[in-house]
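**Student:** Residue strings, one per chain:
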Amino acid sequence: MSNEANAGTLAHEWRSRFPTVNYLNADYGWKSWLLTKDHKRIALLYLASITFFFMIGGAYAAAIRLELLTPQGDLMQSATYNKVFTHHGIMMVFFFLIPSIPATLGNFLVPMMIGAKDLAFPRINLLSWYIYMLGGVITFAALLFGGVDTGWTFYVPYSTNFSNTYVVLAGLGIFVNGFSSILTGLNFIVTTHTMRAPGMTWFRLPLFIWSMYATSLIFILGTPVIAITVLLVAVERLAHVGIFDPALGGDPVLFQHMFWFYSHPAVYIMILPAMGVISELIATHARKPIFGYSFVAFSSLAIAIFGFLVWGHHLFVSSQSVYAGMIFSLISFVVAIPSAVKVFNWTATLYKASISYDAPMLYAFAFIGLFTIGGLTGVMLAALGFDVHVTDTYFVVAHFHYIMVGGAMMGYLGGLHNWWPKMTGRMYPEGWARFAALVVFVGFNLTFFPQFLLGYMGMPRRYHVYPTDQPLWQVLHVMSTGGASILGIGLLIPGIYFIWSMRYGRFAPANPWPATGLEWRTPSPPPTENFPVTPVVTWEAYEFRPVEEMAVIGPGTPDEPIGGQHPLNPGGDGGIAVNREP
Amino acid sequence: MATNAEAIEHGHAPESAHAALAHHFDNLEQQREAGTLGMWVFIAQEVMFFGGLFLAYLIYRMRYPEAFMAASNHLNWKIGAFNTTVLITSSLTMALAVWATQAGRAPKVQVALMLATVLLGFTFLGVKAYEYHEKYVDGLVPIAGWFNPNHEILSHIPANVSLGQYQMFFWLYFAMTGLHALHMIVGVLIITPIIYWAWRGRYSPEYHAPVENFGLYWHFVDIIWIFLFPLLYLLGAHFKP
Amino acid sequence: MSVHIVPRKTYYMVFGALIFFTALTVFVANVPLGKFNDVVAITIAVTKMMLVLLFFMHVRYSSRLIWVIVASMFFWLLILLLLTLTDYSSRGWFGPNVIT
Chain A
3 MSNEANAGTL AHEWRSRFPT VNYLNADYGW KSWLLTKDHK RIALLYLASI TFFFMIGGAY
63 AAAIRLELLT PQGDLMQSAT YNKVFTHHGI MMVFFFLIPS IPATLGNFLV PMMIGAKDLA
123 FPRINLLSWY IYMLGGVITF AALLFGGVDT GWTFYVPYST NFSNTYVVLA GLGIFVNGFS
183 SILTGLNFIV TTHTMRAPGM TWFRLPLFIW SMYATSLIFI LGTPVIAITV LLVAVERLAH
243 VGIFDPALGG DPVLFQHMFW FYSHPAVYIM ILPAMGVISE LIATHARKPI FGYSFVAFSS
303 LAIAIFGFLV WGHHLFVSSQ SVYAGMIFSL ISFVVAIPSA VKVFNWTATL YKASISYDAP
363 MLYAFAFIGL FTIGGLTGVM LAALGFDVHV TDTYFVVAHF HYIMVGGAMM GYLGGLHNWW
423 PKMTGRMYPE GWARFAALVV FVGFNLTFFP QFLLGYMGMP RRYHVYPTDQ PLWQVLHVMS
483 TGGASILGIG LLIPGIYFIW SMRYGRFAPA NPWPATGLEW RTPSPPPTEN FPVTPVVTWE
543 AYEFRPVEEM AVIGPGTPDE PIGGQHPLNP GGDGGIAVNR EP
Chain B
3 MATNAEAIEH GHAPESAHAA LAHHFDNLEQ QREAGTLGMW VFIAQEVMFF GGLFLAYLIY
63 RMRYPEAFMA ASNHLNWKIG AFNTTVLITS SLTMALAVWA TQAGRAPKVQ VALMLATVLL
123 GFTFLGVKAY EYHEKYVDGL VPIAGWFNPN HEILSHIPAN VSLGQYQMFF WLYFAMTGLH
183 ALHMIVGVLI ITPIIYWAWR GRYSPEYHAP VENFGLYWHF VDIIWIFLFP LLYLLGAHFK
243 P
Chain C
5 MSVHIVPRKT YYMVFGALIF FTALTVFVAN VPLGKFNDVV AITIAVTKMM LVLLFFMHVR
65 YSSRLIWVIV ASMFFWLLIL LLLTLTDYSS RGWFGPNVIT
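Protein chains in written order, with my numbering: chain A, 3 to 584; chain B, 3 to 243; chain C, 5 to 104.
Extracted from the complex, chain A is given alone in its bound form (with noise of 0.2 angstroms):
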């Protein structure tokens, strides 16, 4: 295949060579919207909500950094702040956090990457964006209403007995919102266990969907214990019933391991999400197979599994006894294992391959490191004596700070970019995503690093304000406050250029970067029925081949290679080698 076309020709081509029809187009109106069936559009509907309660989130961010650039409690009372880091914490932990990659990423990939028209349920994955808004307007009614202060971990005997807020409704909206994520994790196992393709063997799997099924099976046997947790904070706050009121007999120890036993695994199912992307990332951009394949499927059931048991490292100083601190402890080290070996294993894959520094990879390169740099934190206050002193403070903040936004954020960013060609048909422009990526690296850093400093010089988390004769602490929270400033920036270029590329992208090919996997082999975007006729796989997973050979399957698509026709080199043969594993 010549190389001799401009972009702009070859995509007047290719726009007339696509069907006419995808599944942004089948229908309009919006009850083809609110009441459709396919997996890609509640995948859209999805990304529309979590977006919205992103930055509603976001906004609460920005007031506690705001608050926290003086010392004095100046820009609010200690009870509103208490409320501000609550409602920050709420919105992104249940509402942006666990859903994020799942319910948009996972919705709108699971099927198309084994080969499937849809989910198993796809009544019931409609019926689960629709809990989720339930659960997300009844939560925003209460933050509305006059707000929740007991933090987002929801700790009695205070929310049951002492605090004078919207608990029980705060809490109504998360119990809702809890079945939407079980419902989404039962139509993933059922979804990967009877609708794979022909051929397409377990073995054969993106890793993406190995990632997927582990976080399902959080899903499925984390959630419903928090659901019955919140439940029972419910009832002791209505009816005074005496389940973790010391008074009446009762243990608010008990609550906190009911808590935690979901919302350490919750923590899980916020990483392997985007551990699976970062996965397809580093395949697709570095254009090499995932070192050590099984190694890292196996390593995300690992990371489900274990992530059950150490839930009690979040009661080391809570009277929870010192012999099943230990066992915590030690479980705890353990479970770093699997997430190490993912890291080696994605750090092996970049040698002697073909790396494009495109927007995804730069978003992958940024979670492993900054995803490293949360995880040796997470090992550090894992060790009990060590967490005794830090625990409470910021830096348990920065910890999981760098995990969720460091990690889980990026992953989500890195799959937006690598698969909003898939999902729109119109391509980001790469110069602005590359250089947001590096504003939200800068940002990040800023923000978050200086918190390290600032815990393990005891300044206490959930606190605004700080001894003024500290002059240093100040100087690092004004750094974090400038970061997050940065952050948001970073965040908002995307914002604007995903928007826009709707309308004014270049149209993207079917397999723009190109990538291996099913999803590629549709046209961008896909039909509604993803595939007209139903693949049978017989190649490897990431089993690149020369470039001039990765052709397209099905009517109605290209059928000439994609060539080396990157979007960012039309000219040139994009440099993309071949790297196979002997």
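Don't take every hint at face value.
With a Cα cut of at most 20 angstroms, we get these calculated EDC-like pairs of lysine to aspartate or glutamate [what the hints assert, rightly or not]:
(1) B:Lys80 x C:Asp42
(2) A:Lys39 x A:Asp29
(3) B:Lys80 x B:Glu133
(4) B:Lys137 x B:Glu154
(5) C:Lys39 x B:Glu68
(6) A:Lys39 x B:Asp28
(7) B:Lys80 x B:Glu136
If you want a taste of the chain C side facing chain A, the calculated C-beta under 10 angstroms gives, among others [said to hold, decoys possible]:
(8) Val43
(9) Leu69
(10) Trp80
(11) Thr88
(12) Leu89
(13) Ser93
(14) Ser94
(15) Gly96
(16) Trp97
Please keep in mind that the hints were generated in silico from the structure rather than gathered at the bench. Using N, Cα and C, we set each Cβ at its ideal position, and we do this for glycine too.
Given chain A's structure and the hints, the job is docking chains B and C onto it.
**Tutor:** Just chains B and C now, kept in the frame of chain A:
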């Protein structure tokens, strides 16, 4: 279109496609497998949902053994045993209803068995309602302001048991049996359209997945009660006041 | 039809067994056995549950995947119960908790 595979390849629906086959499945067998798997995964998460309450029961039972035995003693184990029998029988009728659809029995047989299940379910719920009412009358509903056991009950509480501990048992009783009863009510609601469709002759040896999967749910609810009965009713049976 | 049809006789026998075990558990509960009351009650309950699972819920005739799901259900419930118990049952083993 000699075979389904060819038909799919040509982008047409197979001519022999069953009316109940959903568009995203290749055949009824795949759909059945997915449905059954889905119901089992749902049951798995339900087990964890109840699991939280079983944990609370375990911890507090370990802490306050005498309180729990005294409180359990107050429950009428004969009523509990009767209800257990009712529920087990309803499981039998449900299993037979599934068998009836599998074996291709007439719709009226299927409907009769399912109606028997519903009837037994209602019996269980009715007895439960009676029991709850009794507790209310005795002042044992553990809501603040309502928990006011009468003198006769108070006299049976051992000296070393505080009222709060006694109350602890009762909130667990209400929470666990209440959640269980809620699941039964949902079950009765769900089986209603299934009975209607069975009466309309929709279920056959080829297609009876909804009946089978509902059966799984119903048996699960039975299993929960199999544990609730000894844990709640039989604790203090040997502990004569 | 790939679904194994369980004969009605099996169902009736399982039903009989369940009723028998219910009667048994009621009877044993009335006999003071100290700690063993709990053990016996749970054992009988588990037996009844296994009967319902294997026969009424067809697990005996189901694929290995279903077996794995059922086994994981128990395993996870046990994690929840037992690991929490490691805390409650070991408080005070090393003297009063003097953390912080």
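**Student:** Failing hints, ascending?
**Tutor:** 8
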